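S.K.: Each chain, written out:
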Amino acid sequence: MDINIFVEQLLNGFQLGMLLFLFAAGLTLVFGIMDLVNLAHGSIYMVGAFTAATLTLWLDSFILGIIFALPLTLLFGMVLEFIALRTIYARDHMDQVLATFGLILFLNELVRIIWGPAGLAIPLPILLDGSINLPLGIVYPTYRLFIILIGVLVAIGLYWLVAKTRLGMLIRAGASNRVMASALGVNIRLLFTAVFGLGAMLAGLAGMLIAPINQAQIGMGEEILILAFVVIVIGGI
Amino acid sequence: MIKKILSATAILAMASSVAYAKSINIGFVTTLTTGAAIIGVDQKKAVDLAVEHIGGKMGALDVNIIYEDDEFNPQKGKQKTEKLIKSGDVDIVAGYIWSHVLLASAPVVLNANKILISANAGPSPLAGKNCHKNFFNISWQNDQTPMALGEVLNQRAIKSLYVLAPNYAAGKDMVAGVERTFKGKVVGKDMTTWPTQIDWSAEFTKVKAAKPDAVFTFYPGKHGAAFLKQYAQAGLSSTPLYSVYTLDSLSLPRLQQAKMTGVLGTTMTQFWSPDMDNPQNKRFVADFKKKHGSYPSFYAAQAYDSIFLIKSAVEATGGKVGDVDAMRAALEKADFASVRGKVRFGNNHFPIQNFYSREVVVDSNGKWTTKITGVALKDHQDVYAKDCNL
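For the protein sequence lines, the chains are A and B, in the order given. Position one of the first sequence corresponds to residue 1 (this note's numbering), numbered consecutively onward. Position one of the second sequence corresponds to residue 1 (this note's numbering), numbered consecutively onward.
Simulated from the structure, these hints should not be mistaken for lab results. Remember, it's a predicted structure, so these values are computed and weren't measured experimentally. Cβ atoms here follow ideal geometry from the backbone N, Cα and C, with glycine treated the same way. Some hints here could point you the wrong way.
[Unchecked claim] Interface residues of chain A toward chain B, partial, derived using beta-carbon atoms under 7 Å:
#	residue
1	5
2	12
3	119
4	122
5	131
6	133
7	141
8	143
9	215
10	218
11	219
12	222
Based on the sequences and whatever the hints tell you, model everything.
M.R.: Put into structure tokens, the structure is as follows:
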């Protein structure tokens with residue numbers, strides 16, 4: 001095999017890995033810290049993609065679409081947590097699986113009612129729509145490099161958040177002993193809502209990034225969910 | 001009191017059985033949920049329009065369409081078909097987009113001695129060895145459209161070809177079809193997992209390395225749009241793309257929305273196009289556009305034809321829809337005005353018809369659509385018909 005094919009396939013793998021990382025990071029935050037099995041994580045990914053796609057078409061800018069869709073997805077996640085998921089933390093995992101599976105069906109249908117079955121395709125800004133000439137004669141899509149870049153930035157940002165900030169400290173405290181943390185005056189409920197919102201935003205971001213490649217589609221979340229579980233099992237929770 | 005209720009129900013039962021005799025019930029199985037619903041919804045629009053155009057009547061019978069959703073899943077499709085058949089009052093079953101769904105569901109209908117009309121799927125087993133006297137196909141055999149495409153490639157002196165298609169019944173048939181007529185060399189071939197694979201970056205890398213004269217592809221429904229976007233993003237726009245069932249009236253508006261100008265001028269083959277010049281097609285396309293604001297897809301055209309085909313048989317038999325032998329004989333004549341112009345059935349009940357090369361163009365209102373550029377295959381019958389002993 002030629003070295004350039006090898007490198008290009010490596011980049012392809014890396015780009016897919018980054019998307020899975022964004023998706024699985026949210027999943028593992030919620031599972032690891034809140035002990036909630038959230039199958040509906042993929043639905044948030046789908047909602048993120050549809051929100052960003054709609055905003056992109058309205059504002060005629062993909063970057064603006066993402067910037068506005070991120071807080072909306074955060075809000076969506078927090079509302080979802082507040083209304084639906086808060087009540088099932090105390091239940092065992094099987095109940096959570098059942099409840100969040102129900103959420104998948106509900107959200108898929110909701111998206112179909114709002115956006116119709118066709119899905120949404122969105123254009124890329126000219127800057128990202130094309131390919132770059134890399135060394136070794138490799139021609140690689142600019143947008144896929146952009147995904148890799150975003151993934152690396154989010155990874156650094158997450159590390160900084162969890163390891164270096166007060167919020168991160170609270171998250172770690174809540175994860176290792178939630179009773180003790182709340183006894184010390186930490187509002188665990190609010191913290192969990194925030195963590196869930198953060199996880200939702202990351203899933204939403206993954207959805208937004210994949211939308212220009214595959215377009216926003218009903219059921220897109222279920223396609224990535226299984227792979228994401230494989231990632232968190234291999235990567236550790 | 002009880003007597004009254006009993007007699008009331010008896011009257012109701014009689015009334016409903018009278019109503020049954022005065023109507024024809026057509027079960028239409030298509031995909032109405034999941035991402036593939038876009039095709040099924042287009043077919044449903046066309047069937048509704050056809051029923052409207054015939055005034056809800058076939059001869060003296062009221063037309064009653066019962067839609068069932070196969071959920072893009074062979075097991076579900078079979079279940080829904082069983083539901084239709086077991087309910088007992090369905091006269092004809094039609095529809096079916098997907099070859100694998102049709103192959104799973106066909107025995108249910110055929111074993112119950114009912115007529116089955118495929119409005120899209122045309123898998124090779126049902127055209128050849130496993131053809132059945134009660135099975136009709138009003139679209140095409142899967143191989144035919146790609147065979148026409150292979151001829152177009154020969155006409156344009158393409159020497160090397162890379163093939164990308166999904167790994168399921170129709171995908172294999174499409175590839176076999178192109179390979180049957182294409183005289184150049186297939187320099188690479190990838191069959192991807194269907195329907196889960198929606199990212200082709202690894203395959204595109206291989207295409208670039210193989211440097212073919214052209215790429216042939218088949219990705220129906222939502223996969224098509226994603227495939228074409230990624231094809232352009234991967235920097236392959238300079239390699240001509242030839243496709244079947246990938247670019248249609250469903251994907252073109254979305255590609256236009258996403259400003260994918262790379263698809264303009266690309267070539268495909270098809271038995272029909274919205275610009276075909278015959279009264280039936282003009283009425284169909286104009287009314288469909290008026291009602292829904294978009295061009296009908298070929299899936300819709302076939303669904304529309306299926307209703308007119310059934311109507312021709314109901315009228316020829318004087319409304320005796322229960323007489324399967326008479327109905328079959330009438331259907332075999334294909335005595336109806338098709339949106340594609342001339343069509344007749346072969347011995348295997350698959351159409352013998354022309355196939356055209358079509359190009360993506362911009363219409364007078366700025367909408368992207370397709371236009372016929374030439375005849376690729378004339379009066380073509382599928383190659384499996386000879387294995388069918390009907």
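S.K.: The structure should be examined with respect to each hint, and the outcome stated for every one.
M.R.: Here is how each hint holds up against the structure:
no. : hint : in the structure
1   : 5    : 5 Å, holds
2   : 12   : 4 Å, holds
3   : 119  : 6 Å, holds
4   : 122  : 6 Å, holds
5   : 131  : 4 Å, holds
6   : 133  : 9 Å, violated
7   : 141  : 4 Å, holds
8   : 143  : 6 Å, holds
9   : 215  : 6 Å, holds
10  : 218  : 5 Å, holds
11  : 219  : 6 Å, holds
12  : 222  : 10 Å, violated
When each numbered hint is compared with the structure, violations occur for hints 6 and 12.
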